[in-house]
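Number of protein chains: 2
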Amino acid sequence: MGDFKHLVIAKFKEGAAVEEIVKGMEKLVAEIDAVKSFEWGQDLESQEMLRQGFTHAFLMTFNNQGDFTAFLSHPNHVEFSTTFSAAIEKIVLLDFPAVPVKPPK
Amino acid sequence: MGDFKHLVIAKFKEGAAVEEIVKGMEKLVAEIDAVKSFEWGQDLESQEMLRQGFTHAFLMTFNNQGDFTAFLSHPNHVEFSTTFSAAIEKIVLLDFPAVPVKPPK
Numbered sequence: 024m025g026d027f028k029h030l031v032i033a034k035f036k037e038g039a040a041v042e043e044i045v046k047g048m049e050k051l052v053a054e055i056d057a058v059k060s061f062e063w064g065q066d067l068e069s070q071e072m073l074r075q076g077f078t079h080a081f082l083m084t085f086n087n088q089g090d091f092t093a094f095l096s097h098p099n100h101v102e103f104s105t106t107f108s109a110a111i112e113k114i115v116l117l118d119f120p121a122v123p124v125k126p127p128k
Numbered sequence: 024m025g026d027f028k029h030l031v032i033a034k035f036k037e038g039a040a041v042e043e044i045v046k047g048m049e050k051l052v053a054e055i056d057a058v059k060s061f062e063w064g065q066d067l068e069s070q071e072m073l074r075q076g077f078t079h080a081f082l083m084t085f086n087n088q089g090d091f092t093a094f095l096s097h098p099n100h101v102e103f104s105t106t107f108s109a110a111i112e113k114i115v116l117l118d119f120p121a122v123p124v125k126p127p128k
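Top to bottom, those sequences are chains U and Y. Final position of the first sequence in my numbering is 128; the numbers increase by one with none missing. Final position of the second sequence in my numbering is 128; the numbers increase by one with none missing.
The shape of chain U in the complex, shown without the other chains (with noise of 0.2 Å):
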């Protein structure tokens, strides 16, 4: 059985305060247990015409769906999720089951 996944891709508006805000995860995703782990990135525009302005990705592994759940209603997470919401110009939201096709050796 896989982990669960959550994935953020968002573009942040104009100004925003974008490294306080990474920080920010950063420090909420060491203060939650049920995320199992956590990886970010920015992209690189490598192909720029399909990455459609969206420029970030927030990925977080939970052990499974009731960790993911834990996680959505844990007040901190609800507390920085409006800081968040504010800074933010576009946002897709995935949450699913991984499957692991080639797993990291």
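Hint data in this document are derived by calculation from the structure and do not stem from the laboratory. Some hints here could point you the wrong way.
Identical copies carry no separate label here, and so any pair may be met within one copy or between two of them.
As the list claims (entries may be wrong) - Computed cross-link-like contacts, BS3-like style, restricted to lysine-lysine with a CA-CA straight-line distance of at most 27 Å:
no.	residue 1	residue 2
1	K36	K113
2	K59	K125
3	K34	K113
4	K125	K113
Starting from the known structure of chain U, fit chain Y onto it as the hints suggest.
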């Protein structure tokens, strides 16, 4: 130093042979050594409003950007991309060096 990630989120056209396409992608990554790991998933609609019609996420991991560039120009990838593009209603691609904040234990 983190890995290099290639993230694709997609909405397939009505009637697209999604299962077949996913199998094609699984075959592709099995054939190309430069792809270090590959996971995908189908969104559960837990936050339906925020998925904005996108249904699938595909995440490939490479040891470095050079391996990703080699993958992009690999003939099997070029061939598969044609099939994939024809089945897609909308898509976003993000390519980024991953910042591993909370690495998997």
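Hint check results:
| no. | hint | in the structure |
| --- | --- | --- |
| 1 | K36 with K113 | both (8 Å within a copy, 23 Å between copies) |
| 2 | K59 with K125 | both (19 Å within a copy, 7 Å between copies) |
| 3 | K34 with K113 | both (5 Å within a copy, 17 Å between copies) |
| 4 | K125 with K113 | between (31 Å within a copy, 25 Å between copies) |
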